[in-house]
Amino acid sequence: MFGRQLKYCIIAVLLILLPTCVWAAELISQQKFTGKNEILLTFAAPLDKAAAKNVRTYMVFEESDPDIKLVLNEVILSPDGLRARLHFAEPLNTAKTHVVAIRDIDGKEKASVQVKKSYLGYLLSILISALLVNNFVFTKYLGLCVFFGTSKRKTTAKGMGVVFTIVMVVSAIMSWFFYQFILIPYDLNFLQIVVFIGLVSLTVQAVDTILRKVNPVLFNSFGVYLVLVIANCVIIAVPLMMANNNYNVVETFMLALGAGGGFLLALYLMSSVRERLDLANIPPTFKGLPISFIVAGQFAMAFLGFSGLQLF
Amino acid sequence: MKDIMTIIIRLTLSCMLAATVMGVAFLVTNKAKKHNQHVNEQKVRYSLLGYSEQKPIPESMTLHEIYRYIVTSADGQSIGYLLPAKEGFIFVTIDLEGKMLENKPVQIDEAMVREKEERDKVIRKVVGSGKDIAFADQTIVVTDNGKRVAYLLDGKFTGFKTFIGVMLALDPQFSILGLEILEHEEDPGLGAEIKQKYFKNQFKGKSFETLKKLEVVKEPMPDGYVRALEGNAAEADAAEILKQYVDHDIYALTGATISSRSVNNGVKGIVKKFAYRLNILDSVLVEQKIAVAF
Amino acid sequence: MANDKTSLQLITRGILSENPIFKLALSMCPAVGISTTVMNGFMLGIAVLFVQVFSSVTISLFKNKIHPRIRIPTYTLTIATWVTVIDLALAAYLPEAYAKMGIFVKLIVAFAIITMRLEMFACKESAKDSFWDGLGMGLGFLVGMMVIGLVRELLGSGAILGYDVLGFKPLLFFILPSAGFFVVGLMMAFFNWVELFYKRSRRG
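Chain order of the listed sequences is H, G and W.
Quick note on the working numbering: the first sequence kicks off at 1 and runs consecutively.
Quick note on the working numbering: the second sequence kicks off at 1 and runs consecutively.
Quick note on the working numbering: the third sequence kicks off at 1 and runs consecutively.
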């Protein structure tokens, strides 16, 4: 049953992400960064070779600084005239959107395209960052009460993690709507805390009621954790971070998913260790919480190794 | 039923009570927040210029604020500058090739200029309909008896974790007079060390030519240099040591090379862009014989 | 349940026998997250103390007016209100300290210790006793945060309250974020050890 639900989830995620990768222009069919100081353009039809090779044909600037043109060193054209590699004098800031404009000989603009890192990659980087690099438990130190309270058994850990992820995603998306359409337009930013905590409690209450009616079996195994969810900082941290970083709805979704997944991962890892700790011979002063903290510290050090990880 | 009514009434009452408390707190603190922010900014500016409470800024010195906007219309983009003129303010738009398009007077209060929303509203009216404006950045030109002595620039760039906000002071030849880290979220003990004197003061005194080629090196920092940067060495010695390293690359922080590198690149980018823009603006002002306050 | 404890007993209970960090093991997140210096610990401790005292007093003043079925939402609302107030005040008057604490000030709203005190104490007792109890719990948290901060600052950067006392940095590791777990774990173990030792010596 879980497998089917997982499949639906994946399909839903793909559907949400699909429209973001479709992007095309007439003259230039593809453009991307191919190195520290290089942009690769692919034309839909071969251009006049002399013009395509001329550095003056191209005008490149960062979108936020249209008045500062980047200095092109040379243009290398592929033999079929379809691909041009633009070499720049200085390294590009690939985090920013660049605009490449193609001009006539008399300087009139024929076409312009935006070059940016793929949005999908950016979304995935938010997800990975929340999941591993900035894992909420091990590098942001949130939700520790629940983390230490419910990581004694693997089964509880899994249940808790799943419930957390669901509540996080739902409440984060709701908070986003409230934040964008009520708090910002009416200049009520200072009400953030009250509104977000209210929405979290509401979500928990709703999940509780729905789960009880729709799937009593699932409720029996997960319902107990729902009470714990309200008094937890992991959940409230997601909307607060969303507000801080000004994410849009898809980005918020990814952040919440990553944060929930990260929490699930942390709980699972911890519970696996703690099940074994039960069998180990621990000095009496360290029994219980102290040894768990030491283990968590070791995990945190291991997670420090993820920092700086950049896949996209 | 009666139960529900009392619950609703009590919840409403408590919500209203809470709202009053928060509303009052907001009104009281908001004013103080703005005031403190302004005072703080001013303090950072003066300290970058080398002045403090013990050594107040001389009367003859004035700070002129320049606001840069990006103006977008149907036929392309242009850059707009809100400048203090001899009297009042003017809004000068320059196209991407560096030619002046318009020069219009702006009716705005001295105090209102600092409020972003007010300023945007007025400028929107000045540029006319059909054009969109976006605030880009703010620069301060410091003059002493009408002669330019320094520039203060704000900037923001990506660090290792999130954004790093800085303020830079430059002399008229674009050499760095000082660097201050305003905001960052780097790791304590590692990247957060960018705020320490021994890191940020390395930028002090770097000339524009040096800066253009400035790199970050992963070498242990000489002890004498650290002491001089921290201000713990005797004054004469410190000057000697600092002079020795004036063209040296930036020493990376231990365990925070990425943070060090992003500060270096960020500062480089800010200064280079500023120098480029200021040259264009100055030549336009000279060419068109526009008199400005700085 | 009549309360027969004096105000002094209520305070010391919060600091020693029911210390929220070391004994009750609640509100661990900030204890690990931002206790890198004594000053950070002190500032967040003050914020928590403020919220705890004000929420406790508010709830115990209105305890007869609160309908039992909406108890928890009312607690949350009360806490959220006071957190907002302290958040705004810190942002306005102490912007530098506020920037260091980051998101944790806002997260006070989800601290289990505050809700727990409201549920267990403030909704039954008089406003005066709730005040002392809140003060005790808040101080207990503050002391805990400052002790952890002291250890980490001294071992990590060789300084106390920003003043260099050792003249060198013994172990940079302690100022790194992950060390928070170790310090808290070791200190808990230390307290357990002291307790065990005490019990054994009494037994003879």
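Keep in mind that the hints were calculated from the coordinates and are not lab data.
Check before you lean on any hint, since a few could be wrong.
As the list claims (entries may be wrong) - Short derived list, chain W residues pointing at chain H, Cβ under 8 Å: (1) Gln9; (2) Ile11; (3) Leu26; (4) Cys29; (5) Gly33; (6) Val57; (7) Thr76; (8) Ile86; (9) Ala89; (10) Lys106; (11) Val165; (12) Leu166; (13) Pro170; (14) Gly180; (15) Phe181; (16) Ala189.
To be verified - Label-pair restraints from in silico Cβ distances: (17) Asn246/H with Met39/W: 26 to 32 Å; (18) Asp249/G with Leu120/H: 36 to 42 Å; (19) Arg276/H with Lys34/G: 54 to 60 Å.
By construction, the Cβ of each residue, glycine as well, lies at the ideal position given by its N, Cα and C atoms.
Each hint tested on the structure:
Given hint, Gln9/W at the interface with chain H, is violated; its Cβ is 26 Å from that chain's nearest Cβ, farther than 8 Å. A hinted interface residue such as Ile11/W counts as satisfied when its beta carbon comes closer than 8 Å to some beta carbon of chain H; here the least separation is about 24 Å, so the hint is violated. Nearest Cβ of chain H to the Cβ of Leu26/W: about 6 Å, under the 8 Å cut. The hint holds. Given hint, Cys29/W at the interface with chain H, holds; its Cβ is 5 Å from that chain's nearest Cβ, closer than 8 Å.
With 8 Å as the threshold, the beta carbon of Gly33/W comes within range of chain H, its nearest partner Cβ sitting at about 4 Å, so the hint holds. Proximity of Val57/W to chain H is violated relative to the hint, the smallest CB-CB distance being about 19 Å (cut-off 8 Å). Hint on Thr76/W holds. Least Cβ distance to chain H is approximately 6 Å, under the 8 Å limit. At its closest, the beta carbon of Ile86/W sits 10 Å from a beta carbon of chain H; the interface hint therefore is violated under the 8 Å criterion.
Residue-level restraint check for Ala89/W is violated (minimum Cβ-Cβ distance to chain H is 11 Å; threshold 8 Å). Interface hint at Lys106/W: satisfied, since its Cβ lies 5 Å from the closest Cβ of chain H, which is below the 8 Å cut-off. Taking 8 Å as the C-beta contact cut-off toward chain H, the hint placing Val165/W at the interface is violated, the least distance being around 25 Å. Restraint check, Leu166/W versus chain H: the minimum CB separation of about 23 Å is more than 8 Å; hint violated.
For Pro170/W, the suggested interface contact is broken, since its CB lies about 18 Å from the closest CB of chain H, more than 8 Å. Interface restraint check: Gly180/W against chain H, minimum CB-CB distance 7 Å, threshold 8 Å, status holds. Restraint check, Phe181/W versus chain H: the minimum CB separation of about 3 Å is within 8 Å; hint holds. Interface restraint check: Ala189/W against chain H, minimum CB-CB distance 4 Å, threshold 8 Å, status holds.
Range check, Asn246/H to Met39/W: about 30 Å between beta-carbon atoms, so the 26 to 32 Å window is met. Restraint check, Asp249/G to Leu120/H: a C-beta distance of roughly 37 Å satisfies the suggested window 36 to 42 Å. Here the CB-CB span from Arg276/H to Lys34/G is close to 56 Å, well matched to the stated 54 to 60 Å.
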